[in-house]
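Asks: One-letter residues, chain by chain:
2 protein chains.
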Amino acid sequence: MSDQVLETGQPPEGDAPEAYLLNKRDVAAILYAVDIDDREKLIELMEPLHAADIADLLEQINAFDRSRLVRLFDREFDGEILSELDDSIRDEVISILTPQVLHEAVRELDSDDVVDIIEDLEGPQQETILDALEDSDRAAVEQALTYPEYSAGRLMQREVVMAPEHWTVGAAIDHLRATPEDELPDQFYHIIIVDPRLHPVGNVTLGKLMRSRRETMLSDLLEETFQVIPAMRDEGDVAYAFNQYHLISAPVVDEDGRLIGVITIDDAMAVLDDEHEEDILRLAGVGEGSLSDRVRETTKQRLPWLAVNLVTAIAASLVIAQFEVALAQIVALAVLMPIVASMGGNAGTQSLTVAVRALATKDLTGSNVWRVIRRECLVGLINGAIFAVVMGIVGVIWFGSPALGGVIAVAMVVNMVVAGLAGTGIPILLERIGVDPALASGAFVTTVTDVVGFFAFLGLAAAVLL
Amino acid sequence: MSDQVLETGQPPEGDAPEAYLLNKRDVAAILYAVDIDDREKLIELMEPLHAADIADLLEQINAFDRSRLVRLFDREFDGEILSELDDSIRDEVISILTPQVLHEAVRELDSDDVVDIIEDLEGPQQETILDALEDSDRAAVEQALTYPEYSAGRLMQREVVMAPEHWTVGAAIDHLRATPEDELPDQFYHIIIVDPRLHPVGNVTLGKLMRSRRETMLSDLLEETFQVIPAMRDEGDVAYAFNQYHLISAPVVDEDGRLIGVITIDDAMAVLDDEHEEDILRLAGVGEGSLSDRVRETTKQRLPWLAVNLVTAIAASLVIAQFEVALAQIVALAVLMPIVASMGGNAGTQSLTVAVRALATKDLTGSNVWRVIRRECLVGLINGAIFAVVMGIVGVIWFGSPALGGVIAVAMVVNMVVAGLAGTGIPILLERIGVDPALASGAFVTTVTDVVGFFAFLGLAAAVLL
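These protein sequence lines map, in sequence, to chains A and B.
Here the first sequence stands for residues 0 to 465, where the numbers follow numbering that gives the first Met the number 0.
Here the second sequence stands for residues 0 to 465, where the numbers follow numbering that gives the first Met the number 0.
Be aware that a few hints might be false.
Here are the computed lysine-lysine pairs in the DSS-like style, where the Cα-Cα straight-line distance is at most 27 Å [unchecked claim]:
(1) A:K361 x B:K23
(2) A:K361 x B:K40
(3) A:K23 x A:K40
(4) B:K361 x A:K23
(5) B:K207 x A:K207
(6) B:K23 x B:K40
(7) A:K40 x B:K361
(8) A:K299 x B:K361
Chain A stretches covered by chain B per the calculated footprint, using a threshold of three residues with CB under 8 Å from any CB of chain B [stated by the list, open to error]:
(9) 182–190
(10) 223–237
Not close to chain A: a few residues of chain B, all C-beta gaps over 12 Å, as computed [as the list claims (entries may be wrong)]:
(11) D36
(12) D37
(13) R67
(14) D90
(15) D130
(16) E133
(17) D134
(18) S135
(19) D219
(20) V395
(21) L420
(22) A462
Hint data in this document are derived by calculation from the structure and do not stem from the laboratory.
Yeah, the Cβ is synthetic: ideal placement off N, Cα and C, and Gly gets one too.
So here's chain A without its partners, still in its complex pose (with noise of 0.2 Å):
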């Protein structure tokens, strides 16, 4: 990364894809540092990098200079790096550093890192991590563990800086700067505001706190917006909430209301980008995965969602065998089949994705899920009455039957509407029933308008054209 050149405040190199990709050739020329066994050279190209980018670097060569490049490293990884990496080759990475590395490294990070690091890893990992950090570190990291995976208390850093609500502008300042570096978060943007009985009430901000005479209350100096949120939220929900009211921080609270850590924004977008990587990747039947997981995982992965299709594409199937006679008849009908039902997969495709991303922003609701639904199926029946005519006239051109092209275009019109309402309805119904709309709706929403399709137009084929 350039860091340098942007610190000396260079014009950009108007070349936007290029911005913040690794640069191949640093990549290489640290790649030929390990080839010849120059660890001063090494650290000397990986001084000006990022951790997050040593990272990418990590992620981007095989195992084989990865293994290579850690251990020439050696020393000079740290905690920020691994806490960086992707989960698929982290434990790996962490099996390679000698204990020494792995302790400091780990030693250095805040508690939720740490937290974040351990969740994925196997028990002996777990414990080795564990063993490195100081009692009162591991006791914070395993009262987080406590929390269930993806809540709040996961996600959350047990530092927080807060004052009573009685307290001045000067008494919050005064405490401040005595309180000893190590425990104060490593960066803080708001003072908790909290009661007697340790329930947040408000959030005055460094700024404000800056800028206001000694003697102002604290309670005078509130923010607007404040949210407190509960241990036990789902991080997705959190995510949501930091990035619709716009949060920097936002305090943390066990089951009585009381203050136990806080959440920033960096976390909350973390988070929220993660959410979209898993919603999308859900959608198109990937499941989980990332670019550095081996063959074998990957074809693991993939694996369940192809044999849902197969069973779909096998339903469909029979449905075509029903029609065997017809299509023994006319041979038309095997050509343009895969077309009406491909139309309405497509079209359910659409209003499925709009209605699994309105689900996830919170913008489909029960106040206007109806007019949702009317309104897909109208959009269905304008396009479907739109390609029927398209296809009505391409089926009479091609095969010189007007009854063939009115068959089509009706099964066409039948399938995309039927595709709006399956495509809307179907992920509606998964989320009332506690499952996730992006995981399973396209297996069923394809199937709805394959067997739709063929049906339509084979019988209806058989019906007018026999």
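Following the hints, complete the assembly by docking chain B onto the known chain A.
Replies: Below, chain B alone, put in the same frame as chain A:
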């Protein structure tokens, strides 16, 4: 929204999907107040809602209710709501507001929010809003509009807090306290340190400033991670940098590297969210589009993608038509052929989605492109072989023909390897020639898998079985 409930720190309702969802009963009560024209009741019900939730509410009700609600709410309608509204209904709402309400709403906002509102409006509405601004604000907005859409220059706010590098902590604090409120940003968390030419050289957090001795030099307190953003940089890259480097705010510079504004993480998070939305919708062939669009716009948005799909479906049909002789003799071919195409299409979509996502997160680069392509083809080969065996057996049992089973098995393997190749290669090629891979890859990949699937299966069948 249950701001009050949260503030008293009550435990969550446990019902995760309900968190942050607009309460159906609240919405009904609000619409009832509109129905009976009870302004006081409406204001009382809306008062606890955050502007972002009011915007969501307006998006979820129908146009008639929306218009009545906005009229009744009248002077209570503030700029925040306007800035949270989806583009698709913002101009509708603006045209409902009385000039005076609009005037006041707009004057409350920061310059970056006004820019965000104004850039999507038509000429006359733009003028109305510009006219409402004070001269200095108007100049700031017009200046921002000279930067291209989706650039950092549009995203930034112009109110910055900066200090020369030779200042001490004490000087910075005194200066901050002496600056009038309206010259400072609404919220700020860092002081940007500049050199004499106004080039940013680093960030100091307010926390560090507050905890340091008055005589400490600002230049001794600089944060480790610091990124300067050129005004012409694409906002997607800006969001990437915030997420990658955990930035909270970053200075924006002009072509000469001089500080001209600042971008904060909440704006970057909103961009990240938009970019994801765009990717997910484009992958599904929905283009833009939101839930509050009307039937007519939605139909128009989806039509082009369906048209592209029709062309590719017809291309696949033309392939089928080449094998009419085989199809006429063996009806089983018509029954089985959609399975081969469908499995290829699915496998291709899996590879495609992983590739598009990896390109967006800059994880797929020159360093690993060949390894990724090889991996995807291998995964296709293995999964293809597994399903080839399954389908071979199904073919034999169903139609009693080992030769037919063999044909479908071989076609399946071929198509799934091609799916891995096309699913990875096509988005990479599109990215290289500067086309958004999310936008166009899907149609290409399914065309390839349809054509190859039908051709391999029917061609082999014609060669082996006839």
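Asks: It remains to establish, for every hint, whether it holds in the given structure.
Replies: Hint-by-hint comparison with the structure:
no. : hint            : result
1   : A:K361 x B:K23  : 12 Å, holds
2   : A:K361 x B:K40  : 26 Å, holds
3   : A:K23 x A:K40   : 17 Å, holds
4   : B:K361 x A:K23  : 12 Å, holds
5   : B:K207 x A:K207 : 15 Å, holds
6   : B:K23 x B:K40   : 17 Å, holds
7   : A:K40 x B:K361  : 26 Å, holds
8   : A:K299 x B:K361 : 25 Å, holds
9   : 182–190         : holds (count 4)
10  : 223–237         : holds (count 9)
11  : D36             : 20 Å, holds
12  : D37             : 19 Å, holds
13  : R67             : 15 Å, holds
14  : D90             : 19 Å, holds
15  : D130            : 28 Å, holds
16  : E133            : 23 Å, holds
17  : D134            : 26 Å, holds
18  : S135            : 22 Å, holds
19  : D219            : 15 Å, holds
20  : V395            : 14 Å, holds
21  : L420            : 15 Å, holds
22  : A462            : 18 Å, holds
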